[in-house]
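Protein sequences appear in the order of chains A and B. Numbered according to the numbering used here, the first sequence spans residues 1 to 102. Numbered according to the numbering used here, the second sequence spans residues 103 to 732.
Be careful, since some hints might not be right.
Cut-off 27 Å, straight-line C-alpha distance, at most; resulting in silico cross-link-like pairs (DSSO-like, lysine-lysine) [to be verified]:
| no. | chain 1 | residue 1 | chain 2 | residue 2 |
| --- | --- | --- | --- | --- |
| 1 | B | 272 | B | 170 |
| 2 | A | 101 | B | 707 |
| 3 | B | 630 | B | 553 |
| 4 | B | 699 | A | 101 |
| 5 | B | 272 | B | 212 |
| 6 | B | 264 | B | 212 |
What the hints contain is simulated information worked out from the structure, not anything from laboratory work.
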Amino acid sequence: MITLVHFQIVSAALFSIGLYGVMARRSAILILMSIELMLNAVNINLVAVASFLDPDRFAGIIIAIFVITVAAAEIGLALAIVLRMFRNRATINVDHMDLMKW
Amino acid sequence: MGLMELAWIIPASSFFAFVGIITFGRRIPFVSPMLSIGAIAIGCILVFVVLVGRIKVDPTGIDVFSRKWFEVGGTELMLGMIVDPLSIVMVALVCFVALMVQVYSLSYMKHDPKLAWYYAIHALFATSMLVVVLADNFLLFYVAWELVGLCSYLLIGFWWEKREPVEAAKKAFITTRIADVALLVGILLLFREVGSFSMKETFYQAQLLAAGEVSALSSGTTTVSALLLFIGAMGKSAQIPFHVWLPDAMAGPTPVSALIHAATMVVAGVYLVARTFVVFEAVPDVLLVVSIVGLVTSLLASTMALVNTDLKRILAYSTISHLGLMMLSLGAFGYTAAIFHLVAHGFSKALLFLGAGSVSHASNQTDIRKMGGLIKVMPITAITFGIGALSLGGIPIFAGFWSKDEILISVFNHRNFLFLIGTLFVGFLSALYMARAFYLAFLGDLKNENKAVSESPMLMTGPLIFLAIPSLLFGFSVFGSAEGYGGIGRFIFFENAENFHFNLALGSISVILAVAAFGISKPMYITKTLNFDKIKRYFNGLINVCERGYYFDQVYEWCITRIVLVSSGFIAWLDRAVINDIGVNGPASSVAWTASKLRLHVTGKVYNYALVMVLGSMIIGSVWWIMVSG
Chain A
1 MITLVHFQIV SAALFSIGLY GVMARRSAIL ILMSIELMLN AVNINLVAVA SFLDPDRFAG
61 IIIAIFVITV AAAEIGLALA IVLRMFRNRA TINVDHMDLM KW
Chain B
103 MGLMELAWII PASSFFAFVG IITFGRRIPF VSPMLSIGAI AIGCILVFVV LVGRIKVDPT
163 GIDVFSRKWF EVGGTELMLG MIVDPLSIVM VALVCFVALM VQVYSLSYMK HDPKLAWYYA
223 IHALFATSML VVVLADNFLL FYVAWELVGL CSYLLIGFWW EKREPVEAAK KAFITTRIAD
283 VALLVGILLL FREVGSFSMK ETFYQAQLLA AGEVSALSSG TTTVSALLLF IGAMGKSAQI
343 PFHVWLPDAM AGPTPVSALI HAATMVVAGV YLVARTFVVF EAVPDVLLVV SIVGLVTSLL
403 ASTMALVNTD LKRILAYSTI SHLGLMMLSL GAFGYTAAIF HLVAHGFSKA LLFLGAGSVS
463 HASNQTDIRK MGGLIKVMPI TAITFGIGAL SLGGIPIFAG FWSKDEILIS VFNHRNFLFL
523 IGTLFVGFLS ALYMARAFYL AFLGDLKNEN KAVSESPMLM TGPLIFLAIP SLLFGFSVFG
583 SAEGYGGIGR FIFFENAENF HFNLALGSIS VILAVAAFGI SKPMYITKTL NFDKIKRYFN
643 GLINVCERGY YFDQVYEWCI TRIVLVSSGF IAWLDRAVIN DIGVNGPASS VAWTASKLRL
703 HVTGKVYNYA LVMVLGSMII GSVWWIMVSG
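Hey, can you work out the whole structure from these sequences and the hints?
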């Protein structure tokens, strides 16, 4: 029997992997991929909770669709930024993206 | 509407001359003297018209013509003039002396490149002095009073390329400014209680106060403001301790000195006291102060005049001394005597200064020890100077004699014996120093270096002669004539008409003293048969003190460098260190310092931000969790 907890464990594992990726990676592309991972972990969580706790309504599922949409838009924008950065500085290492400081 | 109302044209014409010179003077040089002299000549003629108007209506009345100037809050400020015997006499003196001085300057300043500017200030000077004399309210009076100070500053410092005139001009301006602050406060105090700047209203209230009736003025305020007004007058009239600027003012052109000493500037102070005499009369204690200051001033100044060797400085100290006499006379209720002396002295002093100018113009020196025997080469100057000297020395039939006598009588009537002795001594000293100046400069042997000196041109001797006539004859105006003129005491007086009075004992003492002074001067200074060297030796210290002007300048310098500059240095430090650095810059720099430390967290590294974000979310999450579960 697969209960809500199993979904939540998968979701938490995926989220932690994504978080580790965001924190540990230096490549902008890998960071973006890790963010996607985190967003999808959230999606799993949302859908699971929605179908287990309130199956009559679709609120959680609809929010998951919104998250997917936003994630697509975000990745489009972020990839454009990374592209520009690569054109300008010939690197996508985020250690070099430190112009905006004191 | 009458002839009297034409009086406004007198200052206005000079003012238009000033505007005209400022506009056209630079392009057309000869137009400036023409405009200025023309304007003041119109003034001279109009004085007579106004005088006729005055006599037709009421010879001794006071008429005020004023229009609304502007309104502030509920206070209407008027722009107007007082036409009474006092102002008419003053206007006549100012116009006449200014005319003489300006004509004289035609020749004296002939080669000066700044001639237009010179005449422009002269015109403005005449305007402002005439407004001072005619003003019917204290505000207008004060404005004109300051303009007089400004013009004298500009004229004393006329040769601003040289250091000395600039210093003298600054000294004159600052010294009188200090006194003017007191004047302004006095005026404002009166305004606060009377509720109007109008002189007529103020005088009315002061009269009520003097009569012991209900008045807007309290006696405390009146005392304080009378004292403050008098301090203002002391500054302009060079009374001790404000006298220091006047001897230095010699640095300006000599005709300017004549104007300042005779008709404008210094007499403004005496005029102020005379004009506001009602206020002073309401508080008689202040009048005692006035007479003490006057007496001390005239005593100190006449001793300084006695030991000085610069012709112009002798005259300057003598002016201070005679201004002191006028103040003394005002303080002793001798209103008529003071104004009479003012006019008599004005004619004589203008004459003496123009004479001194003529001498220095011809011989290029002002030190009387280097002159001598000049009567042989410049007779007109010598004779007119002699008339001025005799008049100032108080020799009978000359103008100065009559007025000095009137002053003596008022002092005798209203003040105690010490004042009388002081006044007689001042009279003796002023005869002595005038005799000394005249003898040393004009009599004796002609020195070789002065052989080539020749008489000044007509334009300079003409005004001398014109000024010598009133110096000689003005005294006779004390006598009445058959045609309704009752002597000067029936024209200018305060409350009660005065007849000419002559006290035989006093008169003879003063005449004997004056004649004696002139008598002993000759053996003392010319033939040297009378020798006081042995006695002098015992008084060397005293003479030295006189020669240094009683160390007033040194004391002031000490005060300024040690007290004023040190304390202002402290205040400047306080301003910089406390107000500026701590009060104003303090908050700003502490914010900047905090920001400089705080901004260090902005590293620009993406993972730092991400870490902070994660940590933040974790903290918020755990707080929320604790709150929900707890």
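Against the structure, the hints come out as follows:
{"no.": "1", "hint": "B/272 with B/170", "verdict": "violated (36 Å)"}
{"no.": "2", "hint": "A/101 with B/707", "verdict": "holds (8 Å)"}
{"no.": "3", "hint": "B/630 with B/553", "verdict": "holds (23 Å)"}
{"no.": "4", "hint": "B/699 with A/101", "verdict": "holds (13 Å)"}
{"no.": "5", "hint": "B/272 with B/212", "verdict": "holds (26 Å)"}
{"no.": "6", "hint": "B/264 with B/212", "verdict": "holds (19 Å)"}
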